[in-house]
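Peer 1: Position one of the sequence shown corresponds to residue 1 (the UniProt record's numbering), numbered consecutively onward.
Careful, some of the hints might be misleading.
Unchecked claim - Each pair of labels, with its calculated beta carbon distance range: (1) Arg91 - Arg41: 29 to 37 Å; (2) Leu18 - Glu105: 12 to 20 Å; (3) Ser85 - Phe28: 46 to 54 Å; (4) Gly29 - Glu94: 36 to 44 Å; (5) Asp50 - Arg102: 36 to 44 Å; (6) Phe28 - Arg99: 27 to 35 Å; (7) Ser46 - Leu18: 39 to 47 Å; (8) Pro15 - Ser85: 45 to 53 Å; (9) Pro30 - Asp53: 19 to 27 Å.
Hint data in this document are derived by calculation from the structure and do not stem from the laboratory.
A virtual CB, placed ideally from N, CA and C, is assigned to each residue, including glycine.
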Amino acid sequence: RKQYDSSLPFDETVPTELEEDEDFFEVFGPVFDANARWSNRRPVPSLGNDTTDLNKVKRFYHFWMNFDSWRDFSQHDEYDVADASCREERRWVERQNQRIRRKYETAEA
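Make the full structure from the sequences, and use the hints.
Peer 2: Pasting the structure below:
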């Protein structure tokens, strides 16, 4: 299920700047809410608003700076492990696929 969910299209865009009349919390709140679905840890703290308690703000930033995702990037694997003819080749294939996944995991962070 997680592998399937990870392969579905997902809007990863993050606004780069605010217009004069836009509210920070209204623009960025939905971005954090959407990305919360990938979290291994629950509950996910919300962005809050301009009156949010400082302790909750610190907890929010600590959570997102140490974000732990369950997202699976195996759909990007280049090689099929089942096609390997021996143990050495299987290990090589697994290492190559892991290297590819790491690129996507790094880009997500």
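Peer 1: Give a verdict on every hint.
Peer 2: Hints, one by one, checked against the model:
1. A beta carbon spacing of about 32 Å between arginine 91 and arginine 41 agrees with the range 29 to 37 Å that was offered as a hint.
2. For leucine 18 and glutamate 105, the hinted distance range of 12 to 20 Å is not satisfied, since their beta carbons lie about 29 Å from each other.
3. A C-beta distance of roughly 50 Å is found between serine 85 and phenylalanine 28, which places it inside the suggested range of 46 to 54 Å.
4. The given range of 36 to 44 Å is respected by glycine 29 and glutamate 94, whose C-beta atoms sit roughly 40 Å from each other.
5. In this structure the supplied range 36 to 44 Å holds for aspartate 50 paired with arginine 102, their Cβ-Cβ distance being about 38 Å.
6. Taking the beta carbon of each, phenylalanine 28 and arginine 99 are about 33 Å apart, inside 27 to 35 Å as hinted.
7. Distance hint check for serine 46 and leucine 18: the Cβ-Cβ separation is about 19 Å, which falls outside the suggested range of 39 to 47 Å.
8. In this structure, proline 15 and serine 85 meet the distance hint of 45 to 53 Å, their C-beta atoms being roughly 49 Å apart.
9. The supplied range of 19 to 27 Å is met by proline 30 and aspartate 53, whose beta-carbon atoms lie about 22 Å from each other.
Consistency note: the structure conflicts with the earlier hints numbered 2, 7.
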